Amino acid sequence: MIREYLTFLYRCFRLSFVGTAGYYLWMFALSVISLLGLNAYCKQFVLGMGVTGMSDHVSWGLYIANFAFFVGMAAAAAMLVIPVYIYRNRELSHLVIFAQLLAVATIIMSLLFVVVDLGRPDRFHHMMLRFNFPISMLTWDVISLNGYLALNLHICGYLIYTAYRRREPTKLFYIPFVMVAIIWAFSTQLVEAFLYCGLGGRPFWNSAVIAPRLVASAFAAGPSILIIALHVISRTTDYQVPEKAFLTLRNIVRIAMAASFFLLMSELFTEFYTDSAHVASARYLFLGLDGRYGLVPWIWTALSLNAIGLVILFTPASKSRGFLISACAMMIVGVWIEKGMGLVIPAFIPSPLGEIVEYKPTLNEWMVTAGITAFGFLVFTILVRVTIPVLSGKLAFDRPYDPARNEGPAETAPTASNATGS
Amino acid sequence: MNARTSSQRTPKSGSDAHPPIDTSRRGFLKAGAVLTALTVGGKSLASDGADGASKLSQGRMGVLVDLTRCVGCRRCEWACNDANDNPHGKLEECDDQSVFASLRRPRTDQFCVVNATRNPKADPSPTDPPIFTKIQCMHCEYPPCVSACLVGAMQKSPDGPVTYDASKCIGCRYCMMACPFERLTYEYDRRFTPRIRKCELCSHRTHDGKLPACVEICPVEALQYGKREDLLRVAHERIAAHPDKYVDHVYGESEGGGTSWLYLSARPFEQLVDVGLPRLPDKSPAERTEHIQHAIFKGAAGPLGIAAILTTLHFLTRKGGHA
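Residue numbers (my numbering), protein chains in the order written: chain S, 757 to 1178; chain A, 2 to 324.
The hints are simulated quantities; they were obtained by calculation from the structure and are not laboratory data.
Simulated pairs of lysine to any residue, SDA-like, Cα-Cα distance not exceeding 20 Å:
hint	chain 1	residue 1	chain 2	residue 2
1	A	Lys284	S	Pro959
2	A	Lys169	S	Phe880
3	S	Lys799	A	Tyr189
4	A	Lys169	S	Arg876
Covered stretches of chain S, as calculated for chain A (at least 3 residues, CB under 8 Å):
hint	segment
5	800-811
6	873-881
7	890-898
8	922-935
9	952-961
10	1105-1119
What you are looking at is a predicted structure, and each value in this text was computed from that prediction instead of being measured. Think of the CB as a built atom: it goes at the ideal place given N, C-alpha and C, for glycine as much as any other residue.
Produce the complete structure using the sequences and hints provided.
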C-alpha cells in the first residue's frame, strides 16, 4: 500500500515536469524569480536584517504584511467549502479541491514569510521545544496555521488519492475534517487578528473591528484569486469549469467586499469622529501626519481599486469574463495593500512615545517577497497540474498516462464530487 | 427503532463500504450524547482562570527615580554600558550636553538614555533648568513582552527583573510589538546571531549583592534600589513631606499594571510623554488578553465544538441515508 502511494507521488512528480510550451515558460519564469528571491534571502541572512528597511520603531514590515495577506487567502477556501458541504451546492463541488489546493499553497507562502522575518531562523525548532502555549498569541497562530495546512493536505490528498485509486472516498475520513476546516479557516483569521488587537501598546490595532475586517477582505480577495486561477485552468487545460461557478464566486466576492467597505467606514467613523488618542495612526495612514505622507498614496490607491472593482462587480458587465477578471485583479491588489501596508505598518507610526519613523521596504525585501510569491505560484501550479488528470480519470493507478498524447475524455473516476451530489 | 434500518446495514467489506450511519432516534441520541460530552468537556477546560500571571515575590526589587534630583550628568549611561560590555568612552565624555538637543531612545548599544525636556512654562528663561528623565526597560509587573514571547525567552523573575535569554530567542520581535514603552531594541545589523537588547536590572551584579550599575554611580542619589513595596512607601512619604515640590503621583505604581521602575516628578507626567513616560491604563494588556485566551480557546474547545455540531448536522440532515 505504501509502495502504491509512493508510485502515485512519483508519477505526480514526473507529471509536473511535462506540459505545453506555455507551461514550461510559466514554470521557468517562476523558478527564476524564486531563485532570485532565495539569493536575496541569503544576502539578508549573511549581512543581517539591516538590509531590510525595518528598525526598532517599525520592527514588522513587508514580510509580515504579506504573511497577513496570504493567511487570508488560505482562509478563503472555506468560502467554497461552505456552499458545497453545508448547502449542497453541486456546481461548485469539484472546485472545492482547487480552493483547498490554493489554501495549501498560500499557507506554505505564509509560513515562508514568517521564516524570512525571523532573526534566528536556525531556531525554528525552538517553537517545538519551548512552546509558550497558551500564553503567547503567536503560539496560537503557529498551531492555527500548521493545523490548517495539515487539514487541507489531508482532505485534498485523500480525495485526490482515492480518485487515483478509482474508489469512493470514505465519508468518515474527510467529512469531519472538512467541517473542522471550515471553523479552522475562520479561526486562522481570528487568531491573526488577535495577534494584532491583543497588544495594548499599539492603539491602531486596539480595535474590535480588525478581526471582521480581516475576514471580510480575505473572503473578497481569496475567491478573486480563485476566479483568476479557474479562468486560467479552463483556458489552458481541457478541464471545463462551468459558468455558474464563476457567477457564484462573483457573488461571494461582491458580498465580502461590500462587507469589508462597511467595516472600513465603521472604523473610519470611530477613529475620526471622536478624535481620540487612537486617531494618530489612522491620520498618518489616510491624511499624513506632521508632514509625513509615506502611506497616503498606498491606502488611497487600495481603496480606489477596491471601490472600482466592487462597482464593476455590481454591474451586468461583470458577467463577461474580461471585466470579471479585471475587477478581481484590482481587488486582489487593493486588499493586498490594505491588509499589508494599510494594517501592519501604521500601527508603528507614531510610536508609543509619539515619534514618526517611516518605513520603506528595501529592494532586497521586495526580491525576497517576489521569490516567495513565485514559489507559492509554483507549488499551486504543480498541484493543479497533477490534480486535473486525476480528477478526469486519465491519471489512475491502473492505466498509464502519457500527457503528450491527447487520449480524449476518459470515464470520470468516482470522486467526492459525484458522491456528494447523490 | 426501525427494524428495516437495521437489516439494511451493509457489512464492512473491503475499502468500498462506508460505516452505516443511523438516522433513527438512536442515532440522534448518540449524536446528542457526543455533543453534550464535548460541550461539557469544553466548558470544564475553559473554566480555568488566567494562569499566565507570574508569581511575584513579596520582596521583589525595583528602582525609584526622583526626577527632581537628576542633573543630567549621564554617568548612569556610562555605567550601564560599562556593566553590560557595551562600547563606551571615558567617564568625562558624559559631560557632553549637546546630546540633549534631540530626544534619544535606547539602542542596542545603550540600554538606558537620559533625555532633557525644557521646563514647559509659557516663557521659559534660559536659566530655567531642563527636566532630565532617565529611561530604560520598565520591568513591568505583568510584562506584555513575556506574554507575547512564544518561546519563553522573556521571563519575569519573581524578584523583579524581566530577563532575556538570548539562547532561546528566535528573533520574531513580537515582544517589540507588545512593549507599550517602546524600550526593546534589536540588533538588525548583526549577522547570524542578532539579539534583543535591553536593561536587565543588572541581574549579574545584584546576584552578587551589588547595586545596579546606574544606581551605584549616580552622584546625586536620584536612583534608589530596594524592595518595590518599600520604594512606594518612600515615594509617597516624600510627596507628603514636600507637596509643593512633587506632583502627587508615582509613575509606575499602576501604569500598565505597575512597573518596577518608579518615578517622582516636579512636573505633571503628561509633559514627559515625549521623553519616554507614556500615558497608560492601569491594567497590563497581558492580564486581560491571557484571561480571554484561556476562557475561549482552551483546548480549542470553541472551534472543535462548533465543528462537532456542524458534522452532526451534516449527517443528520442527509436525505435518504446517503451523504
